[in-house]
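Q: For the protein sequence lines, the chains are A and B, in the order given. Note that the first sequence covers residues 1 to 113 in the working numbering. Note that the second sequence covers residues 1001 to 1115 in the working numbering.
No lab work stands behind these hints, which were simulated from the structure alone. Positions of the beta carbon are idealized from the N, C-alpha and C atoms, including for glycine. Be aware that a few hints might be false.
Pulled a few chain B residues facing chain A out of the computed Cβ check, cut under 10 Å [said to hold, decoys possible]:
1) Asn-1027
2) Met-1029
3) Lys-1038
4) Ala-1041
5) Phe-1046
6) Gly-1101
7) Lys-1102
8) Thr-1110
9) Gln-1112
Derived DSS-like pairs: lysine-lysine, alpha-carbon spacing no greater than 27 Å straight-line [stated by the list, open to error]:
10) Lys-1054/B with Lys-1071/B
11) Lys-1071/B with Lys-1114/B
12) Lys-1071/B with Lys-42/A
13) Lys-1068/B with Lys-1114/B
14) Lys-57/A with Lys-1038/B
15) Lys-1114/B with Lys-1038/B
16) Lys-1068/B with Lys-1005/B
17) Lys-1114/B with Lys-1005/B
18) Lys-1005/B with Lys-78/A
19) Lys-1068/B with Lys-1056/B
20) Lys-57/A with Lys-1005/B
21) Lys-83/A with Lys-1054/B
22) Lys-1056/B with Lys-1038/B
23) Lys-78/A with Lys-1038/B
24) Lys-42/A with Lys-57/A
25) Lys-1037/B with Lys-1056/B
26) Lys-1071/B with Lys-1056/B
27) Lys-1005/B with Lys-1071/B
28) Lys-1038/B with Lys-1005/B
29) Lys-42/A with Lys-83/A
30) Lys-1068/B with Lys-1038/B
31) Lys-1054/B with Lys-1005/B
32) Lys-1054/B with Lys-1038/B
33) Lys-1054/B with Lys-1037/B
34) Lys-1114/B with Lys-57/A
35) Lys-78/A with Lys-57/A
36) Lys-1068/B with Lys-42/A
37) Lys-42/A with Lys-1038/B
38) Lys-83/A with Lys-57/A
39) Lys-1056/B with Lys-57/A
40) Lys-1071/B with Lys-1037/B
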Amino acid sequence: EPEVTQTPSHQVTQMGQEVILRCVPISNHLYFYWYRQILGQKVEFLVSFYNNEISEKSEIFDDQFSVERPDGSNFTLKIRSTKLEDSAMYFCASSDPLRTPQHFGDGTRLSIL
Amino acid sequence: DQQVKQNSPSLSVQEGRISILNCDYTNSMFDYFLWYKKYPAEGPTFLISISSIKDKNEDGRFTVFLNKSAKHLSLHIVPSQPGDSAVYFCAASSHGSSNTGKLIFGQGTTLQVKP
């Protein structure tokens, strides 16, 4: 069964550094998402992406965050200058068509020191 | 902003019995609901969904019930198996003006099925 893959599984970064989280969505999917889960809290929506542009973003997704689909297979989340509070599990998801279940990757654990 | 709430943080049932997980929502614009299961160190795995035009959807051992007037949905697992032990998340989305498929999640309920 096709799956969403995320790399790395764990990223440790110094505060203030840039980090890029990578995702390979399911190949024929057109809708892409990033969510995050801070330890002990609920899964929160960050951003949705369709047709090479952001379709919706949450209040969390401020100017420090950006997303990109640099080629036909990858979908990346960049945090420009990381803060301690960015420490969380980051999940990528994809779906197609829109109103179908989103499939999630296993996440990247981001630890900011 | 708790638009989707799972009020029971945990549930413990015996193998073979029914597990009932509950979820409440406040946003009347939600019209598509999903249940996900999550094991440690893995991402959420889709279980079952229901559209607001239905009040029940069944898939094998899993049944989801939707009560729109009460803004409540529940997931029934019958019979429960030890492998069902996981965290279960309720999620909702709306066919609103943005219609991006954004999911709003509940806090999750940890289900333990005892052999």
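Q: Each hint needs a verdict: does it hold in this structure or not?
A: Hint check:
1. Asn-1027: Asn-1027/B check fails; min Cβ-Cβ to chain A is 13 Å, beyond 10 Å.
2. Met-1029: Violated, about 14 Å.
3. Lys-1038: holds, 9 Å
4. Ala-1041: Holds, about 7 Å.
5. Phe-1046: holds, 4 Å
6. Gly-1101: This hint holds: Gly-1101/B lies near chain A, its Cβ roughly 5 Å from the closest one there, short of 10 Å.
7. Lys-1102: Nearest chain A Cβ about 5 Å off; hint holds.
8. Thr-1110: violated, 12 Å
9. Gln-1112: Gln-1112/B check fails; min Cβ-Cβ to chain A is 18 Å, beyond 10 Å.
10. Lys-1054/B with Lys-1071/B: holds, 13 Å
11. Lys-1071/B with Lys-1114/B: Given pair Lys-1071/B, Lys-1114/B is violated - Cα atoms ~30 Å apart, limit 27 Å.
12. Lys-1071/B with Lys-42/A: Holds: Lys-1071/B and Lys-42/A sit about 20 Å apart, inside 27 Å.
13. Lys-1068/B with Lys-1114/B: violated, 32 Å
14. Lys-57/A with Lys-1038/B: Holds. Lys-57/A to Lys-1038/B sits at ~24 Å (cutoff 27 Å).
15. Lys-1114/B with Lys-1038/B: Holds, because 18 Å separates the two Cα atoms, which is no more than 27 Å.
16. Lys-1068/B with Lys-1005/B: holds, 15 Å
17. Lys-1114/B with Lys-1005/B: Satisfied, since the Cα-Cα distance of roughly 25 Å is no more than 27 Å.
18. Lys-1005/B with Lys-78/A: Distance of about 30 Å is beyond 27 Å: violated.
19. Lys-1068/B with Lys-1056/B: holds, 11 Å
20. Lys-57/A with Lys-1005/B: holds, 22 Å
21. Lys-83/A with Lys-1054/B: The given pair, whose Cα atoms are some 44 Å apart, is violated under the 27 Å limit.
22. Lys-1056/B with Lys-1038/B: holds, 23 Å
23. Lys-78/A with Lys-1038/B: Since the Cα atoms of Lys-78/A and Lys-1038/B sit roughly 25 Å apart, the hinted pair holds (cutoff 27 Å).
24. Lys-42/A with Lys-57/A: holds, 17 Å
25. Lys-1037/B with Lys-1056/B: holds, 19 Å
26. Lys-1071/B with Lys-1056/B: Distance ~14 Å between Lys-1071/B and Lys-1056/B Cα, so the pair holds.
27. Lys-1005/B with Lys-1071/B: holds, 11 Å
28. Lys-1038/B with Lys-1005/B: Judged against 27 Å, a Cα distance of about 17 Å means the pair holds.
29. Lys-42/A with Lys-83/A: Given pair Lys-42/A, Lys-83/A holds - Cα atoms ~20 Å apart, limit 27 Å.
30. Lys-1068/B with Lys-1038/B: Distance of about 26 Å is within 27 Å: holds.
31. Lys-1054/B with Lys-1005/B: Holds: Lys-1054/B and Lys-1005/B sit about 21 Å apart, inside 27 Å.
32. Lys-1054/B with Lys-1038/B: holds, 25 Å
33. Lys-1054/B with Lys-1037/B: Answer holds: Lys-1054/B to Lys-1037/B is near 22 Å, not above 27 Å.
34. Lys-1114/B with Lys-57/A: violated, 41 Å
35. Lys-78/A with Lys-57/A: holds, 14 Å
36. Lys-1068/B with Lys-42/A: With Cα atoms ~23 Å apart, Lys-1068/B and Lys-42/A stay inside 27 Å; holds.
37. Lys-42/A with Lys-1038/B: Given pair Lys-42/A, Lys-1038/B holds - Cα atoms ~12 Å apart, limit 27 Å.
38. Lys-83/A with Lys-57/A: holds, 19 Å
39. Lys-1056/B with Lys-57/A: violated, 31 Å
40. Lys-1071/B with Lys-1037/B: Distance of about 21 Å is within 27 Å: holds.
Consistency with the previously given hints fails for numbers 1, 2, 8, 9, 11, 13, 18, 21, 34, 39, ordered from lowest to highest.
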